[in-house]
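Chains A, B, C and D, in that order, are what the protein sequence lines are.
Numbering-wise (UniProt numbering), the first sequence opens with residue 1 and increments by one.
Numbering-wise (UniProt numbering), the second sequence opens with residue 1 and increments by one.
Numbering-wise (UniProt numbering), the third sequence opens with residue 1 and increments by one.
Numbering-wise (UniProt numbering), the fourth sequence opens with residue 1 and increments by one.
There could be a bad hint or two in this list.
Derived DSSO-like pairs (lysine-lysine); straight-line CA-CA distance at most 30 Å [unchecked claim]:
hint, chain 1, residue 1, chain 2, residue 2
1, C, K458, C, K524
2, C, K396, C, K412
3, D, K55, C, K524
4, C, K524, C, K260
5, C, K260, C, K311
6, C, K458, D, K55
7, C, K143, C, K524
8, B, K198, B, K28
9, D, K169, C, K412
Calculated Cβ distances over 10 Å to all of chain A for the following chain C residues [as the list claims (entries may be wrong)]:
hint, residue
10, E223
11, P332
12, A333
13, D522
Since the hints were made in silico from the structure, they are not lab data.
Glycine included, C-beta positions come from ideal geometry on N, C-alpha and C.
Read off the chains here:
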Amino acid sequence: MTSMTGTAARMMSGFGNTSLGRAFGSILGKVAGGFLVLLLLTAIFAPWITPFDYAAQNLMNGNQPPGWPHLLGTDQFGRDVLSRVIYGARTSLSVSATAIAISITVGMTLGAAAGYFGGLFERCVMTVVDLTWSFPDILIALIFVAIIGPGLTSTTFAIAIAYLAQFTRLTRAQIVRLKRETFIEATINLGAKPHHILLRHLLPNAIAPVIVVGMLAIGDGIVLEATLGFFGLGAQPPTPSWGAMMSSGTAQLFLSPWVIIFPGVVVAVTVIMVNLFGDELIRALDIRDRIRGA
Amino acid sequence: MTVLSVRNLQVAFGAVAPLSGVSFDVAKGETLGIVGESGSGKSLTAMAVMGLLPLAGGRITAGSITFDGQELTTLTEKAYRRLRGGRIGLITQNPMTSLDPLQCIGPQVDAVAVLHLGMTAREARARTVEILGTLRIPDPATICDRYPHQMSGGMKQRIVIAMALAADPDVLVADEPTTALDVTVQAQIIRLLDDLVKSRDLALILITHDMSVVAQTCDRVVVMYAGRAVEQGPVGDIFDAPQHPYTQALIGCIPRGLDDGARLTGIAGTVPTVLNYPPGCPFHPRCDRAEEVCASIVPELEPNATGAVACHLPGVAP
Amino acid sequence: MRHQTMTKLLSGTALVAALTAFVASSAFAQEAVIAFDAGELGATSYDPVTSSNLNTATSMIYDRLVEQDADQSFHPHLANSWEEASDGMSWTFKLHEGVTFHDGTAFDAQTVADWIPDYADTENAFLTAAIESVEVIDPLTVKFVMNRPEPNLLYNLGSAFMGIPSQAAVEEMGADYGVAGAVGTGPFKLERFDIGLETVLVRNDDHAWASDLSENQGVAHFERLTFREIPDQSTAFLELKTGGVDVLLGIPTDFIEVLKAEPNVTVIQMPGTGISYMPINVTAAPFDDIRVREATGLAIDQEAIVASIYKGVGAPAHNFLISSLPEATVDPALNVTHDPERAGALLDEAGWTMGDDGVRMKDGAPLEVKLFTQNGSEFTVLTQVVQAQLAAIGMKADITVFDSSTIRDEYKENRHQLAVRAYDWNNSDILDWFFSGERLGYPNVSMWNDPEGEQLNKVAMEGSANSEERIANFTAYHEYILSQHLMVPIYQPTTNLAFNADRVSVPDPVRGTRFRSQTVLDMKPAE
Amino acid sequence: MLLRYVFFRVLMLIPVSISISVVIFAIVHLLPGDPVDNLLRVGSSPADRAALVAKYGLDQPLVVQYVRWVLAMFQGDFGEAIVLRRPVADLIRDNLPYSLRLGAAAFAFSSIVGIALGTVSATTRNAVVEQFVRGFILLGSTVPGFWLALLLILAFAVQLQWFPVSGAKGWDALVLPVLTIGFGGVALVARVTRVALMDARREDFVTLLHAKGLPANTILFRHLMPHAMLPVVTILALRIGWILGGAVTVEFVFGRPGLGSLLIRALGQRDYPVVQGCLLMLALAVMLGTLIGDVAQAAMDPRVREAKT
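Generate the whole structure from the sequences, applying the supplied hints.
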């Protein structure tokens, strides 16, 4: 939870209130932003707002269709689907957001270094990055989880690695572009040290597009977590995650579709909202040109 | 004889009207200068004449443009297309980016003659080579197979001019044709345009921010400020006895002796943007002559002896 | 409400499907499409001698010397009769007369003599390890000379890995045998094998040597069988529903309910050949205390599990062997049954007292254990119920889900405490496999190495001269294992198949230990 | 000049391939577990196990195993699958055609439809059409493949019965898998095309093209599309790895063989030679894709051509 709110806070502080305000400005932005804020609050306060214990089984009350008191029905263990969907928000969002935060941090470092220093170093980094970028993310994630073992931590790292290339490419493109700009040339000519130039001048200028792309990638991360869940990896039972719920036994789809459909719909809606808000943010920040650079 | 005439032109982008009340005529063999700082609406005027405002999302809301007796503002896009490139040519500001970088020079120029003169590819190429030759481009036949990025800015601007001339137009609109070029090249291009006007009996609308260029080449001039024509008339009269304080300021900025096209940095204050045009005379916040009336009533363009001026308090500077 | 709409929607479609199926069945009545059990997908060869993974279609191509029935009894097939020497050191088989391979070559005693040595140096060598040599007595009589008594010989001979291939074909095709072609004496011939996709078999019109497990002693009723590989259960179900597949093998328990709701689908349940269970690592505290192990077993409510998550399909398991094996009949006191009160008492006795939060404590440490399992809902569903039942006696179990290869590494590294596993094997030698001190870690997940156990193992594995002795010895070994509380038996699944009754009919009950050629011979196109 | 560039790039593949082979070998042997347990069946003894380990050389130091693998590969021998018991080359040969067929069809589908949709949405003045395409693009990147596959089966195979539920025989069995993969692909290509076209339209030279009096369609197809295709080609070329190996879930749901399924099966059983062979193949395909992408860029853009030669 801390990691997730932390990420959110970092994302918010990345750009001024005005641009964020502008992203909220349009109707679409308002709807999407409102939804995401609500979702975030739901995730943070999940333990207090779930109507039932997400793990409490009642085998004799399994596969109940939506109704009262189980608004979204129960799964085959008799667990409350609504409570699990709410709690799942916590798992899915924190895994995806943490993964993307790691991905951004490492990707920006690599990309900035590659873009700044250039030469053989850049060539090596970019070859590796392009290779991972071209490799199916699901394969990368599956192999990685197989190597370091199951669990949410490894899922997080697997997603982080799968999306690393994106941020490295983006940051590098930003740095290469900025390096050509006059004020940086001037600073270099004045004899400033490389790390100083990178940290003080280049990175702050490159950060906004990376953050926005990162926000969009959180949506992809949620989908990848769901796909890992399809292979039975990811959140360890009985901890609910949307992905794990969506793939909890295919027979469920025909027996008690609500167990699978509700988390699926929540994933779809969340990813759409993330994308809409990201688009609005891009518009508000006017950084489309820079995002395209990678 | 007047070939193109603009009357009381008004342009709007959505609810904002960045251009209003612009009128001028241009005749064959004549060069009309439109001068002003960036943001004054001079490029918009060019776009309006070319019928290209919809590309940028703008439209003409009032006034008329007549070309060769034909009303252009009500013309269909298809009919307009026949004029564009055919009878009215455009030269844009930045030759670096005004050619398609993925195509060779030849076909880009050829297309005009093929389209407007109905030539075959072979004929069009011969014409291209000929025109490039007249523009003093060395080895024109080989140039046709080169790509834009392989050429210098001045050379590219000549190719843009060649494209504008390819269909033998009556009017040439040149939007800051020299701004992006080296000083020495600037002079060459201006001289070239000047020659073309004379040799081909062209009507040239030369849009610039550079009063010295105007003084050098134009027959008549329109001075624009914040989307309005503030003064116009024959170049000699305007330079000898500018009536509008803005014109006076512009002329005052020309460095004496050195013909290097100094930027208009000499006027205090900033050009208002289209979103915050001041009420009354748009120049009044920067005008040392301004009185109460200037802040409330927009001055109309009033004809005088040889031209017209839009000022409540016109007159030669003390 | 939602559920009902869904069902209505589906049954409307089923009508359409049934109509389509009806039209189709009159045109292609002589063909049937069978989907493999998801557990036997990915076979890369039809060579029984060298393969490590064979599917059901293998049993259609090859015949075996003997067949085993669901009650574990053995029946003649290519061998009409057999005799075991009283000391167990030799076996004599009388072979069926007039049997020919698909390539026209004859099956006789020499075939058997040439075939058995082929197993040497393969991954399947253990099947024939006890056979010293094979002697041809006459063209229809063959004698296996043993290097030790092997009461399990018939079981091995009935295995799919001991289908008998044509020696001529094996020689001719060399390394390509099993992929480019496969030649046996079975009721069907291999026509095409698209690895990972499907296998097409055509009828062997010469086949007249069915075992007595089939009613039909002649050729098969179907001219053509297509076996398809469909990994996803919902896809397989939808194929059956839409008429793309006629028979589904190996349906997971949770799909039975779905299938039974379909009007044209009939489900057959066969006695299963495996057990789901929870091994306990006896070397990992707190399970080094036998009282804690016993309490763990008493926590599991097998009956409730069968009734709830398995909807009454299959049977509770109270000891380690499937109930059709004679060795499964043990002293009733040793069977593991649900008794949470006694579990609580045992834990109290062992020093684990109930804490305020429902987790037991001892010396300030809570009773928290690791519960491992494999990915796949057949494991994770059961494991979550087990977790809840353990919580009821004050044991907090944390689940970790591994893939099947990684989890073996965890066992070998002795990082586990409890695990939920399953095995599929219809012979009591499974006890040796999972509890022999020679295989600590994996497969001996219980990490149990006990002198008395090893002694009983040795007697059961090698000290039995005949079947009766073997049963007695294995029962004793089994009972001792149960007394040590090394694992908790949970569930005996059934083996299920479903078929489209508009297209085909499958005899119920299915004879044999699983769906194989003996059943396919009796399978008919629907009237 | 282009030829020299291609030659240079191909030459570069050699050191890269060797480094990749090291990485792949390391990754595969970092995986916990080993293949031998998957060969053992009830009744085999620990001695049998040791014999198998020795037979496949798994008791040798990793360096020795690596060198053996690479040396064999130089002789065109990908090795013998341990669990799947076939030559790795045969297994790849059996599975590759399915991946190629699906991949090529999905590639064609997502390129054609994606470019068309992207173009329509970038050029249309109709807000409804634009919003529809935008919604489609969003949805395409939102729905996990296994879900989409099931939904398509329920709609087109169960309800409408237009296509078979699963399998890989005949063109009609290809439609739903292609749609499943293509949906995401179309979204990606349409998004890139749309943005690239809108960017191209803002370029200065476009004003001049209009000023030449060229019809809008000529400008779009003769001048704007070539520009818009530059990023599209790059993206598509980089997706070759996805097309060959990324169809795992689709192959699973539709019961299709393929490289992705082979890889996942082998990975699950720790069938080292197969995993190594498949990964190496995929890596080579990816590098080839990058190469094709770069060459295509150079062929399409004279500036790139010059910068690189």
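Least C-beta distance between P332 (chain C) and chain A, which was stated to exceed 10 Å: Fine: 26 Å to the nearest Cβ keeps P332 (chain C) off the interface.
K169 (chain D) paired with K412 (chain C) [C-alpha distance capped at 30 Å]: violated, 43 Å
Distance restraint between K55 (chain D) and K524 (chain C), which requires alpha-carbon spacing of 30 Å or less: violated, 46 Å
Pair hint outcome, K260 (chain C) versus K311 (chain C) [Cα-Cα no greater than 30 Å]: holds, 12 Å
Restraint status (C-alpha distance of K198 (chain B) to K28 (chain B) at most 30 Å): holds, 9 Å
K458 (chain C) paired with K55 (chain D) [C-alpha distance capped at 30 Å]: holds, 28 Å
Pair hint outcome, K143 (chain C) versus K524 (chain C) [Cα-Cα no greater than 30 Å]: violated, 38 Å
Given hint K524 (chain C) paired with K458 (chain C) - CA-CA distance at most 30 Å: violated, 47 Å
Closest CB of chain A to the CB of E223 (chain C) still more than 10 Å away: Since the minimum Cβ distance to chain A is about 33 Å, E223 (chain C) lies beyond 10 Å and the statement holds.
Restraint status (C-alpha distance of K524 (chain C) to K260 (chain C) at most 30 Å): holds, 21 Å
Restraint status (C-alpha distance of K396 (chain C) to K412 (chain C) at most 30 Å): Judged against 30 Å, a Cα distance of about 24 Å means the pair holds.
10 Å cut-off, C-beta based - A333 (chain C) kept clear of every residue in chain A: holds, 28 Å
The earlier numbered hints that this structure contradicts are 1, 3, 7 and 9.
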